[in-house]
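Hey, can you work out the whole structure from these sequences and the hints?
In my numbering, the protein residues as written are 233 to 337.
Calculated directly from the structure, the hints in this document are not laboratory data.
One or more hints might be untrue.
To be verified - Here are the simulated DSSO-like cross-link-like pairs (lysine-lysine), alpha carbons at most 27 Å apart as the crow flies: (1) Lys259 / Lys299; (2) Lys308 / Lys318; (3) Lys328 / Lys318; (4) Lys259 / Lys274; (5) Lys327 / Lys313; (6) Lys259 / Lys282; (7) Lys299 / Lys282; (8) Lys308 / Lys274; (9) Lys299 / Lys313; (10) Lys259 / Lys308; (11) Lys308 / Lys323; (12) Lys274 / Lys299.
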Amino acid sequence: MVPNTPPGRPSRLSEEQEEQLREDISKHPRELGYEFSNWEGKNVSHHIEKVFDIEIGVRQVQRILHKLGFSLQRPKYVFPKADLDKQREFKENFKKVWLLSEKTA
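What follows is the structure, given as structure tokens:
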């Protein structure tokens, strides 16, 4: 046995392919001609199949991304038409209604 070698099956992507994948994932998907806006497991899996002609499942793609130093992040939704004053007023009124309902129950 050779010391310090990780057990398990060898990666289906070479080190060069992993580096190319790191560069591609660092770009916005639309820069590479895709219609989607976020890199997620199934999109990266599709990209690997398209570029390297290698089929890899979504879970394995997630492991590869973790190995490359990426983490899953979801976009934060912003509601530009939201009225903060109305939201604050709703929260205050809701607390009053909630407290009244607890007293009568």
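Structure versus earlier hints, numbers of those that do not hold, lowest first: Those not satisfied come down to hint 9.
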